[in-house]
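Peer 1: The lines below spell out each chain.
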Amino acid sequence: MGQRVLLIEDEPNIIEAISYILSKDGWTVHTHSDGETAMEKVMQGVPDLIILDVMLPGRSGYDILRDLKAQDATADVPVMMLTARGQAKDREMAIGLGATQFMTKPFSNADVLESVRALATP
Amino acid sequence: MPDRVLTGTRARNRRLDLGLRQAHVARIVGISGSYLNLIEHNRRRIAGKLLTDLAEVLQIDAALLSDDTTDAILSPIKEAAAAFPEAIVEDARAEELVARFPGWAALVAAQRRRITQLEERTEALSNRLAHDSQIANSLHEVISTATAIRSTASILAETPDLDREWRARFHTNIDTDSARLAQSSQALLGFLDMEMEAGDTQTESAMEVAEAELAKSGFYFPDIDAGMELRFDDVEEPSAREILRNWAKVARNDAERLPLEEFSQAARATAYDPARLAAWFNVPLNVIFRRLAHLPTDREHPLMGLAVCDAAGVVTFQKPVLDFRLPRSGAACPLWPLYQALTQPGRAIRRVVRLPGGAHTPFECFAVATPVGDVSFVAEPRITATMLVRPAKNEDTPDVVGPGCRVCTVKDCTSRRHPSLV
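Protein chains in written order, with our numbering: chain A, 1 to 122; chain B, 1 to 422.
Fair warning: there could be bad hints in the mix.
Stated by the list, open to error - Here are the simulated DSS-like pairs of lysine-lysine, each with C-alpha atoms no more than 27 Å apart in a straight line:
(1) B:Lys216 <-> A:Lys89
(2) B:Lys249 <-> B:Lys216
(3) B:Lys216 <-> A:Lys69
(4) A:Lys69 <-> A:Lys41
(5) A:Lys69 <-> B:Lys393
(6) A:Lys41 <-> B:Lys393
(7) A:Lys41 <-> A:Lys24
(8) A:Lys69 <-> A:Lys89
As the list claims (entries may be wrong) - Per label pair, the in silico range of CB-to-CB distance:
(9) A:Phe107 <-> B:Ala182: 20 to 28 Å
(10) B:Ala312 <-> A:Ser108: 49 to 57 Å
(11) B:Arg416 <-> A:Glu40: 38 to 46 Å
(12) B:Ala269 <-> A:Glu40: 22 to 30 Å
(13) B:Val375 <-> A:Glu92: 51 to 59 Å
(14) A:Ala110 <-> B:Val314: 29 to 37 Å
(15) B:Val375 <-> A:Asp72: 54 to 62 Å
(16) B:Lys411 <-> A:Ser23: 35 to 43 Å
(17) A:Arg66 <-> B:Lys249: 31 to 39 Å
(18) A:Phe107 <-> B:Trp166: 18 to 26 Å
(19) B:Ala87 <-> A:Glu92: 33 to 41 Å
(20) B:Ser376 <-> A:Gly96: 53 to 61 Å
What the hints contain is simulated information worked out from the structure, not anything from laboratory work.
All values derive from a computational prediction rather than experimental measurement.
Glycine residues also receive a C-beta, built at the ideal position from the N, C-alpha and C atoms.
Take these sequences, add in the hints, and give me the full structure.
Peer 2: Quick look at the structure:
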């Protein structure tokens, strides 16, 4: 079984497309689409990498990121933030909260794949 | 170089520019040459009919000769020069410009004022576009859909051996997303239209200024719980300051009736149930709504927003939460429980709602309309409605409420009062 990635995103067709390309690349992909229960999902089985959207129903990706970094079990898990906002302040906020990577929508599949592979490399 | 060009000097410069003799001008306005000489050397003040007559002979607007007008023109001209340091202007001769070419000087000053006004409006609109949650949501929807299309299309184009079932599935996804993209981009245009229309008539309202001030502190001020008076003296806009002071007064009264520690414990014990809290403390529901919405955010209290409107439905206060925000411009959807409460004062309403389209958060709304102030035999009661808003648990099926008719996608809505643009 490949490394596990958890994709927290609320757009079903983005979930499907990213899941497809990552699965094809050998990743085991788990998905979740609700902000409020995202931490519960993470704690059910801490993944090797988390791809986290910023605007989620129920709770923002920034709040989830803050929780991830505050907990010992998840503090070291690399997090790639996805956002429709590309302003410098959003990037600064994500990186300041501990995101490992920041990707602005719309992104290319090649960029996602490249970033995920880079984050998975110890 | 004179520090200040006075009326007499301006009159003299103008006369010389026109090539008129002092005695000739004096004769026309009915004074002696020596008196005009005193005027031109600023040794006699001039006003009233003589000023008007002299201006007429000098073919100039009388106002442009007066010192007050000079000040009004000179100041923006100097501002214009300061705003364009790369332009090499004869800075020291600004007064002379006003004195010798008052019409042109007035034009430069008017343009400077207009530029300042337009810059302020642009900044206000820009702030609106950046902070309006409806526009942000709409833009998010457009970009997310474009992302899904791009990603899916890439898979189709770059995977020649794609399984037939997956190919069909991705084609369907692109079809669905392209329809959504068309719809969401139209919605975005609708929002921008509404913002631009609002921008034509006003910039940032006092309420928006006040709201922004409160948002800086997360709508919570420890001083209020400490019984202190907040004056917001550093807020420049007087109306906004007044709104903030009134807000602080109400918040302090609420804090006195419902002390923070006691109320926080009770709120947790009742799972933040407004009805049980109202019974526990024996206070009206609208007070409980306000207190819940203004709990400190660092004590793990759930997110809660608030909206208050008057009997005409005008939103007089709101604390936005997630993507809940009643429209700033244009009328909101009448299906929000806030407005439904207005039709039945005294009746408590609880409903779970969500905005139409995409992945909008369902909200649990509690609303009630109550009379404000003393009851009187001689005056109509003043009714306000208050609504507490918080993200809903997933147990209830939400009713759909629109952001406003023009950008609402709900079909066959009996409350629609304007055709949808989307």
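Peer 1: If a hint holds in the structure, say so; if it doesn't, say that too.
Peer 2: Evaluated hints:
Between Lys216 of chain B and Lys89 of chain A the alpha-carbon distance is near 16 Å, which keeps this suggested pair within the 27 Å criterion. Between Lys249 of chain B and Lys216 of chain B the CA atoms are separated by roughly 19 Å; this keeps the pair inside 27 Å, and the hint holds. Taking the CA atoms of Lys216 of chain B and Lys69 of chain A, the gap is near 25 Å; set against the 27 Å cutoff, the hint holds. Between the alpha carbons of Lys69 of chain A and Lys41 of chain A the distance comes to roughly 15 Å, so the proposed pair stays at or under 27 Å and holds.
Restraint check for Lys69 of chain A and Lys393 of chain B: the C-alpha separation of about 25 Å stays at or below 27 Å, so the hint holds. The straight-line distance between the Cα atoms of Lys41 of chain A and Lys393 of chain B is roughly 16 Å, inside the 27 Å bound, and the hint therefore holds. Between Lys41 of chain A and Lys24 of chain A the CA atoms are separated by roughly 23 Å; this keeps the pair inside 27 Å, and the hint holds. About 20 Å separates the Cα atoms of Lys69 of chain A and Lys89 of chain A, which keeps this hinted pair within 27 Å; it holds.
For Phe107 of chain A and Ala182 of chain B, the Cβ-Cβ distance of about 22 Å falls inside the hinted range of 20 to 28 Å, so the restraint holds. A hinted range of 49 to 57 Å holds for the C-beta pair Ala312 of chain B and Ser108 of chain A, which are about 51 Å apart. Take Arg416 of chain B and Glu40 of chain A: their Cβ atoms lie about 39 Å apart, and the range 38 to 46 Å holds. The hinted window of 22 to 30 Å between Ala269 of chain B and Glu40 of chain A holds, with their beta carbons roughly 24 Å apart.
With their beta carbons about 54 Å apart, Val375 of chain B and Glu92 of chain A fall inside the hinted range of 51 to 59 Å. The hinted window of 29 to 37 Å between Ala110 of chain A and Val314 of chain B is violated, with their beta carbons roughly 52 Å apart. The hinted range of 54 to 62 Å is satisfied by Val375 of chain B and Asp72 of chain A, whose Cβ atoms lie roughly 59 Å apart. At about 37 Å, the CB distance of Lys411 of chain B to Ser23 of chain A agrees with the hint of 35 to 43 Å.
For Arg66 of chain A and Lys249 of chain B, the Cβ-Cβ distance of about 34 Å falls inside the hinted range of 31 to 39 Å, so the restraint holds. Hint check: Phe107 of chain A to Trp166 of chain B, Cβ distance near 21 Å, so the stated range 18 to 26 Å holds. Between Ala87 of chain B and Glu92 of chain A the beta carbon distance is about 36 Å. The supplied range of 33 to 41 Å therefore holds. For the pair Ser376 of chain B and Gly96 of chain A, the supplied restraint of 53 to 61 Å holds, since their beta-carbon distance comes to about 55 Å.
In this structure, only the earlier hint numbered 14 is contradicted, and the remaining ones agree with it.
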